[in-house]
Amino acid sequence: MSRLLLSSLLLFVSSQTALSSGVFELKIDSFTSSRSVCRPESRVCQVFFRVCLKHSQDVINPEPPCTYGTALTDILDTDSNAISESAPIRVPFLFKWPGTFSLIIEAWNAESSGLESTENQNNLISRLATRRRLTVGEEWSQDVHFGNQSELRYSYHVVCNEFYHGEACSAYCRPRNDTFGHYTCDDRGGRRCLEGWSGEYCTFREYS
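In mature numbering (1 follows the signal peptide of the UniProt record, and there is no 0), the protein residues as written are -20 to -1, 1 to 188.
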């Protein structure tokens, strides 16, 4: 019974390596726009941002679906530090990070009702559609986009989630020291047996 349980667990762990898990994060560092794009009855221009990630395209179609994921920010005031101090926009993914992708960033004027609606195209302030190449890492890449009525400065990076490693977040390795394995993990997701253990999953006790 114990051998069957061990085999089942090792099969499950092996299947995890076929997946990957990470997150694309984007920070809006600053956004400025002409007063004309805001609601005339409002003293403060309120906006929100939509981020769309797609597979790399020669001609980028900004319309859905966002094949790699999408996310919206909260509604933010442009006349304050709310934008630069806002949390990064997070787009999680469950696949091997491809390195190249299409990035779409839209700035929208918030409806008078305070809703994050993208149905009324008259509320679209600016749209950036570009192709990028990005490797996995903590370092932020910085960029700027100049529109007809706005200026957008932003930073972005891709990081692996916990227990996922490698250049594409494609190697799963979770350190353990129990019946099912005795090992730590290196930066590439490889298992390193603890002293006195050997085997693929470090389950064989070495005796001197």
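Any given hint could be a false lead.
What the hints assert, rightly or not - Now the in silico label distances, taken between C-beta atoms and shown as ranges: (1) Asp123 / Phe75: 19 to 25 Å; (2) Thr47 / Gln122: 21 to 27 Å; (3) Tyr187 / Asp54: 41 to 47 Å; (4) Phe126 / Gln37: 21 to 27 Å; (5) Leu74 / Pro42: 22 to 28 Å; (6) Ser97 / Glu119: 33 to 39 Å.
Claimed, not checked - Think about it this way: if two alpha-carbon atoms lie no more than 20 Å apart in a straight line, the pair counts; the simulated DMTMM-like pairs of lysine to aspartate or glutamate are: (7) Lys7 / Glu118; (8) Lys76 / Glu180; (9) Lys76 / Asp123; (10) Lys76 / Asp166; (11) Lys7 / Asp38; (12) Lys7 / Asp57; (13) Lys7 / Glu119; (14) Lys76 / Asp167; (15) Lys7 / Asp123; (16) Lys7 / Glu65; (17) Lys76 / Glu5; (18) Lys7 / Glu131; (19) Lys76 / Glu131.
Quick caveat, the hints were computed from the structure, so don't treat them as lab data. Treat the numbers as computed from the prediction; the structure is a model and nothing was measured. Cβ atoms here follow ideal geometry from the backbone N, Cα and C, with glycine treated the same way.
Going through the hints against the structure:
no., hint, in the structure
1, Asp123 / Phe75: 19 to 25 Å, "holds, 24 Å"
2, Thr47 / Gln122: 21 to 27 Å, "holds, 25 Å"
3, Tyr187 / Asp54: 41 to 47 Å, "violated, 60 Å"
4, Phe126 / Gln37: 21 to 27 Å, "holds, 22 Å"
5, Leu74 / Pro42: 22 to 28 Å, "holds, 24 Å"
6, Ser97 / Glu119: 33 to 39 Å, "holds, 35 Å"
7, Lys7 / Glu118, "holds, 13 Å"
8, Lys76 / Glu180, "violated, 23 Å"
9, Lys76 / Asp123, "violated, 24 Å"
10, Lys76 / Asp166, "holds, 18 Å"
11, Lys7 / Asp38, "violated, 25 Å"
12, Lys7 / Asp57, "holds, 15 Å"
13, Lys7 / Glu119, "holds, 13 Å"
14, Lys76 / Asp167, "holds, 16 Å"
15, Lys7 / Asp123, "holds, 11 Å"
16, Lys7 / Glu65, "holds, 9 Å"
17, Lys76 / Glu5, "holds, 16 Å"
18, Lys7 / Glu131, "holds, 14 Å"
19, Lys76 / Glu131, "violated, 33 Å"
Violated hints, listed in ascending order, are 3, 8, 9, 11, 19; each of the other numbered hints is respected by the structure.
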